[in-house]
Amino acid sequence: ETGVTQTPRHLVMGMTNKKSLKCEQHLGHNAMYWYKQSAKKPLELMFVYSLEERVENNSVPSRFSPECPNSSHLFLHLHTLQPEDSALYLCASSQNPGQSYEQYFGPGTRLTVT
Amino acid sequence: RKEVEQDPGPFNVPEGATVAFNCTYSNSASQSFFWYRQDCRKEPKLLMSVYSSGNEDGRFTAQLNRASQYISLLIRDSKLSDSATYLCVVKTDSWGKLQFGAGTQVVVTP
Numbered sequence: 001e002t003g004v005t006q007t008p009r010h011l012v013m014g015m016t017n018k019k020s021l022k023c024e025q026h027l028g029h030n031a032m033y034w035y036k037q038s039a040k041k042p043l044e045l046m047f048v049y050s051l052e053e054r055v056e057n058n059s060v061p062s063r064f065s066p067e068c069p070n071s072s073h074l075f076l077h078l079h080t081l082q083p084e085d086s087a088l089y090l091c092a093s094s095q096n097p098g099q100s101y102e103q104y105f106g107p108g109t110r111l112t113v114t
Numbered sequence: 001r002k003e004v005e006q007d008p009g010p011f012n013v014p015e016g017a018t019v020a021f022n023c024t025y026s027n028s029a030s031q032s033f034f035w036y037r038q039d040c041r042k043e044p045k046l047l048m049s050v051y052s053s054g055n056e057d058g059r060f061t062a063q064l065n066r067a068s069q070y071i072s073l074l075i076r077d078s079k080l081s082d083s084a085t086y087l088c089v090v091k092t093d094s095w096g097k098l099q100f101g102a103g104t105q106v107v108v109t110p
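So the sequences go chain by chain: A and B. Here the numbering used here is used: the first residue of the first sequence is 1, the next is one more, and so on. Here the numbering used here is used: the first residue of the second sequence is 1, the next is one more, and so on.
Hints are not guaranteed to be accurate.
Said to hold, decoys possible - Quick list of the computed label-pair ranges, beta carbon to beta carbon:
hint, chain 1, residue 1, chain 2, residue 2, range
1, A, Glu102, B, Asn27, 31 to 41 Å
2, A, Lys18, B, Pro10, 38 to 48 Å
3, A, Glu102, B, Asp77, 23 to 33 Å
4, B, Ala29, A, Ser20, 44 to 54 Å
5, A, His77, B, Asp39, 22 to 32 Å
Treat the hints as calculated values from the structure; they're not laboratory data. Each residue gets a CB set at the ideal place from its N, CA and C atoms; glycine is no exception.
Produce the entire structure from the sequences given, and follow the hints as far as they go.
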């Protein structure tokens, strides 16, 4: 299934590094999301974009910086992360935010901050 | 208090048996309810929506109790392939913000 793809699948980075996560959806959806999933914790919504405009920023630290150049692509730029930021980062898309009950998730990027 | 609470399990279920588990939510204004399924080291996928009158999808039955603010999922005739973590999901606003529970792990054994 390749509806939502994410790269890289695994990433190890030091606290001083800068890296970016990429998400691409091939479903013609208008809304895209970033979630963080830590072990044994619920998915935490980080950002929501609707038609390339950010509509939700869920009190995420500024060391995470999203970018949505068009409705098919979403990036998460990372810099000066902390070890507690190690988690699975999931991208999702839906037809539009108002009908977001069915969100299609990508396989995630497993991030380790050393 | 967590927005969406689930028993983490694991629920160990013999193949062919029935298993049921609940989820409670704190926001009485919640609009819509869903069950997602997440296999080990995979992404979540929508299993089914939960309607006010209760609904079935094959071996899966979902119920909603708005008065007590909980939803339930029942799996009949469990298959080995039902082993997964089941995520309770609640939609709380018109923007479609979804609140996820931490999941209930189900392990179906031969």
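Results of checking the hints against the structure:
no.	hint	result
1	Glu102(A) <-> Asn27(B): 31 to 41 Å	violated, 20 Å
2	Lys18(A) <-> Pro10(B): 38 to 48 Å	holds, 39 Å
3	Glu102(A) <-> Asp77(B): 23 to 33 Å	holds, 26 Å
4	Ala29(B) <-> Ser20(A): 44 to 54 Å	violated, 37 Å
5	His77(A) <-> Asp39(B): 22 to 32 Å	holds, 29 Å
Going down the numbered hints, you'll see the structure goes against 1 and 4, while the others check out.
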